[in-house]
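Protein chains in written order, with my numbering: chain A, 1 to 297; chain B, 1 to 336; chain C, 1 to 322.
Keep in mind that the hints were calculated from the coordinates and are not lab data. A portion of the hints provided could be inaccurate.
As the list claims (entries may be wrong) - Pairs of lysine-lysine residues, derived as DSSO-like cross-links and limited to a Cα-Cα distance of at most 27 Å, are as follows:
1. B:K124 - C:K60
2. B:K124 - C:K133
3. C:K121 - C:K133
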Amino acid sequence: MQWIMDTKKTLQPSLREFRLSFYLLTRNKLQLASLIIIILLVLVAIFAPLIAPYPGHAISETNPDDKLQAPSAKYWFGTDELGRDMLSRVIYGTRISMQTALIAVGLALLIGVPLGAIAGGMGGVVDEIIMRITDVFLSFPPLLLAIAIAAFLGPNLRNAMLAIAISWWPWYTRIIRGQAVSIRERQFVRAARAIGTPKSQIIFKHILPNTFAPVIVQASMDIGGVILTIASLSFLGLGAQPPIPEWGLLISTSRTYFLNAWWYSTFPGIAILITVLVFNLIGDGFREVLDPKTRKF
Amino acid sequence: MRKFILRRLLLGVIVMLGVAFITFFLTRVIPSDPAAKWVGPRATPEQIAQATIELGLDQPLYVQFVKYMGDLLQGNLGVSLRTRRPIMLELQENLPATIELVFISTIAAVFLGIPLGVISARRKDQWVDHLSRLFSVGVVSLPTFWVGLILQLLFFRTLHLFPMGGQLSTEIKLTMEIPQITGFLMFDSLITGNFRIFQDALWHIVLPGITIGLYPVGLVARMTRSALLEILNEDYITAARSYGLSERVVLWSYALKNSIGSTSTVVALSIGYTLVNTFLTESIFSWPGIGSYIATAVIGLDYPAIMGVTIFSAFSYVILNLVADIIIALDPRVRA
Amino acid sequence: MTEYFEIKNLSVGFRTFEGVRDVLRIESLRIKRGETYGLVGESGAGKTVLALTILGLLPKPAGIIHSGEIWLDGQDLLKKSDHEMYTQYRGKRITMIFQDPMSTLNPVFTVGQQLARVIEKQQRLKGEANMKKALEMLDVVKLPDAARMLEKYPHELSGGQRQRIIIAIALTCGAEFLIADEPTRNLDVTIQAGILKLMDELQQEFKMSMLFIANNAGLVNVVCKNAGILYRGKLVEDGPSEKVIRSARHPYTQTLLSAIPRDKSEALKFASIVIKPEAERGCPYYARCILAEDACAASEPMLEMVGEAHKVACFVAARRQA
Chain A
1 MQWIMDTKKT LQPSLREFRL SFYLLTRNKL QLASLIIIIL LVLVAIFAPL IAPYPGHAIS
61 ETNPDDKLQA PSAKYWFGTD ELGRDMLSRV IYGTRISMQT ALIAVGLALL IGVPLGAIAG
121 GMGGVVDEII MRITDVFLSF PPLLLAIAIA AFLGPNLRNA MLAIAISWWP WYTRIIRGQA
181 VSIRERQFVR AARAIGTPKS QIIFKHILPN TFAPVIVQAS MDIGGVILTI ASLSFLGLGA
241 QPPIPEWGLL ISTSRTYFLN AWWYSTFPGI AILITVLVFN LIGDGFREVL DPKTRKF
Chain B
1 MRKFILRRLL LGVIVMLGVA FITFFLTRVI PSDPAAKWVG PRATPEQIAQ ATIELGLDQP
61 LYVQFVKYMG DLLQGNLGVS LRTRRPIMLE LQENLPATIE LVFISTIAAV FLGIPLGVIS
121 ARRKDQWVDH LSRLFSVGVV SLPTFWVGLI LQLLFFRTLH LFPMGGQLST EIKLTMEIPQ
181 ITGFLMFDSL ITGNFRIFQD ALWHIVLPGI TIGLYPVGLV ARMTRSALLE ILNEDYITAA
241 RSYGLSERVV LWSYALKNSI GSTSTVVALS IGYTLVNTFL TESIFSWPGI GSYIATAVIG
301 LDYPAIMGVT IFSAFSYVIL NLVADIIIAL DPRVRA
Chain C
1 MTEYFEIKNL SVGFRTFEGV RDVLRIESLR IKRGETYGLV GESGAGKTVL ALTILGLLPK
61 PAGIIHSGEI WLDGQDLLKK SDHEMYTQYR GKRITMIFQD PMSTLNPVFT VGQQLARVIE
121 KQQRLKGEAN MKKALEMLDV VKLPDAARML EKYPHELSGG QRQRIIIAIA LTCGAEFLIA
181 DEPTRNLDVT IQAGILKLMD ELQQEFKMSM LFIANNAGLV NVVCKNAGIL YRGKLVEDGP
241 SEKVIRSARH PYTQTLLSAI PRDKSEALKF ASIVIKPEAE RGCPYYARCI LAEDACAASE
301 PMLEMVGEAH KVACFVAARR QA
């Protein structure tokens with residue numbers, strides 16, 4: 001049995017491949033910068049209460065005397081209609097975006113990965129059924145399903161995360177299933193089946209551990225898109241509700257005032273742009289590394 | 001070829017059935033009290049009870065589903081809570097304006113995005129490539145609704161160049177008669193020779209058009225670039241060059257035709273994205289399309305309307321992908 | 001005064017993430033007008049790289065030409081700009097037949113369309129005249145039922161048919177110098193003979209000079225006047241085909257061709273597989289060579305005359321006279 005169990009090692013990328021990936025990733029200055037910015041964003045999210053100048057403003061305090069002030073030394077990003085410091089609110093928005101994106105993606109993985117492993121591992125009718133269901137879910141234009149689900153579950157942040165998870169899982173199922181099918185055909189799985197290992201064990205001990213890597217990579221690349229989706233849902237009124245300082249909600253609220261208070265819309269938007277951009281850049285970097293065809297050599 | 005189309009159509013029908021089922025599930029099974037959602041937040045218990053019977057919510061699920069499908073096939077999407085009018089009718093009224101926007105963004109995606117992708121692939125890692133890649137990835141990272149606001153801030157508030165919203169300026173709407181032939185404002189005004197209206201409409205479509213159009217251009221450029229990169233590494237490209245064929249022919253004929261498959265797929269995808277993006281953007285520009293319609297419906301919790309737009313958009317997307325798949329089948333290898 | 005086609009001191013490298021790797025080192029290679037030269041080497045020896053370098057189609061930025069000259073009819077091709085290569089040489093004066101006809105034909109166009117496109121470019125014919133020429137060319141390569149063949153897509157044809165189409169397209173260019181990169185590699189043995197015979201006839205008829213790249217030495221002897229052996233990018237033996245194939249002098253050639261050894265002791269030596277560590281600055285064949293001496297690891301041997309027009313890049317072989 002030992003040689004079957006050790007397959008995990010043979011399938012994981014060798015050390016040389018990691019060195020190659022890291023080399024390629026960091027050679028491009030843009031991607032290196034993106035990596036650094038992501039780390040910074042995570043730090044901002046974690047240490048928000050310490051970094052924000054007026055942490056209370058991000059939660060429940062209001063400050064009506066200073067309402068709608070332009071950016072100044074006191075309020076770097078200006079204030080909103082309730083006098084709250086925009087900088088603090090945007091900083092807390094980082095925390096909210098990161099948290100909700102992680103949870104949403106995590107949920108999607110939780111649903112999608114096992115389904116994909118089962119579909120690919122079992123094959124046959126089970127595979128067909130699961131893949132047809134996946135196809136139907138994927139036939140919806142992106143975001144539409146999330147909007148509909150969030151609307152019917154009730155507009156709040158928690159339901160938005162759920163809605164995203166429900167519309168996102170099919171992507172992961174597809175990836176995992178494809179991987180599972182190709183692994184299923186490999187020698188060591190055939191050997192395991194030949195000696196009578198039950199399918200469930202094959203799926204969970206052999207297939208799953210070996211398909212993790214690409215889907216984790218894909219999921220981290222998706223975080224940017226999910227953040228954008230959350231912001232969009234909140235903008236429509238389906239996600240975060242006031243007074244949560246979610247970026248999309250901030251932009252939505254700013255609509256009433258922005259023509260005379262440009263800072264209100266601008267800064268949350270820039271925050272979204274930078275965050276999603278760096279995740280997309282890293283995603284591009286990963287993709288170039290994983291796909292040898294587009295390399296220079 | 002015919003067999004392929006038939007098979008694909010069948011698949012499309014099955015998928016639409018699945019889509020209908022999911023939307024059915026959404027409206028009847030998920031909410032805690034579907035009837036209340038249907039009659040609105042201010043309904044009395046009697047109204048809710050009546051709606052329950054009317055909607056057949058006391059019937060077993062499969063009966064409900066049959067009735068639901070029946071309604072769908074007749075084009076009955078229910079009645080809006082807000083306006084009390086049939087949703088199908090309201091959709092038809094609001095559709096042309098949205099189609100105008102989607103049309104413009106698709107044109108931009110094809111005629112700007114594809115060439116950008118091709119040039120970027122050809123000049124890989126040169127400054128043109130870096131610039132266009134930065135543009136593409138930047139543009140798909142932008143929240144579309146935010147772009148709309150910023151454009152308004154810049155071009156309306158600060159520079160006073162373009163109007164803030166609406167399809168036509170109020171002055172024109174009040175003083176002139178608007179031609180109503182196809183419902184497409186720009187087309188109608190053009191063919192009736194009404195150039196003042198046409199110019200006004202053109203002016204009004206600029207900002208929303210740019211807002212909606214950026215994402216598809218970036219998406220298509222990115223996809224085209226990666227497809228072309230693979231293709232340009234193929235032997236037949238080297239062979240074509242060795243025969244002395246011009247780079248222009250090699251790129252825009254030999255290489256590009258091989259990317260029809262991925263290009264159609266991504267254009268269909270971008271249309272889908274655009275459609276949903278209109279939900280976010282139209283209300284910013286007071287653009288009278290289904291985007292504004294659903295945005296208002298969401299705020300007012302007008303569930304039937306939300307559902308109606310969802311079903312409509314989903315079905316359109318399925319048909320769109322069907323068309324894209326058929327275009328892909330033009331590649332002779334696929335049919336073999 | 002250079003030969004019609006002459007390569008001098010060519011050195012080509014490829015950029016990899018581990019540094020620059022030398023892939024081609026040819027000191028001297030000459031082809032007279034109207035003659036065929038056969039280049040033999042294993043896969044990966046650098047043959048296709050040579051072909052691409054001559055045409056100026058080395059992938060950028062991976063490929064680097066360190067040094068060298070490639071003369072064609074008195075002009076150094078390596079000094080030409082890409083535009084000059086495109087307008088004056090590619091297709092017009094130099095053309096190439098590739099080894100895998102399936103991947104060399106564009107899958108989304110019919111073979112007729114592809115042929116027509118080249119005819120239009122090189123012969124400047126359109127419409128009816130173009131069609132006539134296309135049918136003519138298919139006749140030349142002995143493809144029956146030409147009119148229907150033109151309507152087919154590459155995947156609808158057999159390997160042999162595709163290769164004939166490729167030859168037809170290449171010939172249409174009317175070039176004077178043809179590079180044939182393993183043209184029969186992916187074909188059945190029975191088809192190979194037919195293709196080779198065709199190429200031989202066409203070469204006589206169209207009076208082309210040809211660089212025939214192969215990994216099968218037997219073919220080379222039949223078709224080519226002169227031959228050269230490429231080992232890991234280095235030209236190690238060069239001379240008349242008869243001499244190079246039948247009486248090879250370089251130990252690698254001898255092993256490659258399983259040439260008849262001089263005596264029993266050599267026969268026994270050839271029978272064994274020898275592996276030594278690589279010689280960084282020495283002969284590239286050092287690690288596998290049974291005749292290797294210490295000197296072979298110290299410096300790289302250059303081509304030296306060992307017979308009439310017969311050269312070899314090997315210290316040991318050069319020492320032993322015929």
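Going back to the hint list, which numbers does this structure go against? Failing hint: just 2.
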